[in-house]
Amino acid sequence: MLIFGCLPLQWRIILTLGFLTLGTTNLQAATKNNISSPVLENQNLVPNLTTVANAVNTEEPSLQPIPSPPPLEQPSPAPESSPSPNSQEEETHTFGIDNIKINFRNDLDNSGIENQFLEPMAQFHLKNGNTIQVKTGFNTFQQPEIDKIYNIPVTVTYYAEMEPITLQFGIGLDLFNRLPTAVNLNAELDVAVSPSLTLAVIVN
Numbered sequence: 000m001l002i003f004g005c006l007p008l009q010w011r012i013i014l015t016l017g018f019l020t021l022g023t024t025n026l027q028a029a030t031k032n033n034i035s036s037p038v039l040e041n042q043n044l045v046p047n048l049t050t051v052a053n054a055v056n057t058e059e060p061s062l063q064p065i066p067s068p069p070p071l072e073q074p075s076p077a078p079e080s081s082p083s084p085n086s087q088e089e090e091t092h093t094f095g096i097d098n099i100k101i102n103f104r105n106d107l108d109n110s111g112i113e114n115q116f117l118e119p120m121a122q123f124h125l126k127n128g129n130t131i132q133v134k135t136g137f138n139t140f141q142q143p144e145i146d147k148i149y150n151i152p153v154t155v156t157y158y159a160e161m162e163p164i165t166l167q168f169g170i171g172l173d174l175f176n177r178l179p180t181a182v183n184l185n186a187e188l189d190v191a192v193s194p195s196l197t198l199a200v201i202v203n
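Counting along the sequence shown from 1, when you hit position 112 you're at 111 in numbering that gives the first Met the number 0, and nothing is skipped either side.
Incorrect hints may have been included.
[To be verified] Capping the alpha-carbon separation at 20 angstroms, the derived lysine to aspartate or glutamate pairs in EDC-like fashion look like this:
id	residue 1	residue 2
1	Lys147	Glu118
2	Lys126	Glu160
3	Lys126	Asp173
4	Lys134	Glu144
5	Lys147	Glu187
6	Lys134	Asp173
7	Lys147	Asp108
8	Lys134	Asp97
9	Lys147	Asp106
10	Lys147	Asp97
11	Lys100	Glu118
12	Lys126	Asp97
13	Lys126	Glu162
[Stated by the list, open to error] Pair by pair, the computed Cβ-Cβ distance ranges are:
id	residue 1	residue 2	range
14	Asn102	Gln141	15 to 23 angstroms
15	Thr130	Arg177	31 to 39 angstroms
16	Met120	Glu160	15 to 23 angstroms
17	Ala121	Pro163	25 to 33 angstroms
18	Leu117	Leu184	20 to 28 angstroms
19	Val190	Asp146	44 to 52 angstroms
No lab work stands behind these hints, which were simulated from the structure alone. Glycine included, each C-beta is placed from N, C-alpha and C at the ideal position.
Start from the sequences, fold in the hints, and give me the full structure.
Structure below.
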């Protein structure tokens, strides 16, 4: 300070301005350092925060999707029970009517003879598979100068089949108004000797 006081006024002014300029420069440098250091520190914090976030995300357990339950198996429908052959045979081999037919015929010639036939017929099947045929009717026979004759036939025929034999047996009655009652018997036996040959025996 004593040296500074001994200097001439001009040097003291120059030194004073130099000190002021130097102080201002140092102050600006210090200010820049003070301002820039927090920014640098903040810039350094950004990668650190990112690293921490990544570490936290890595440590968190990953959420696995819940597996869907397996589809429930629908119970398969029970197979429909087909009727056994025995039951089918039982249904087929029961007593019942097969058909009913009515035959009508009128025969007339030039001589005046007229024969009229009206014969209904019914066929039944038995439990053993054989067949019975019942036939009846109302017939008339008329000739010139002769009174008309009335006829009511009743016939029952039995059919049986036992491979290779086929049997047909029938019995009947013919009722007349002016003639005696007539009894009819007929039988037929067929034996299949081969596919193309059949032996038949007929009795009337």
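Violated hints - listed by number, lowest first: 3, 4, 5 and 10
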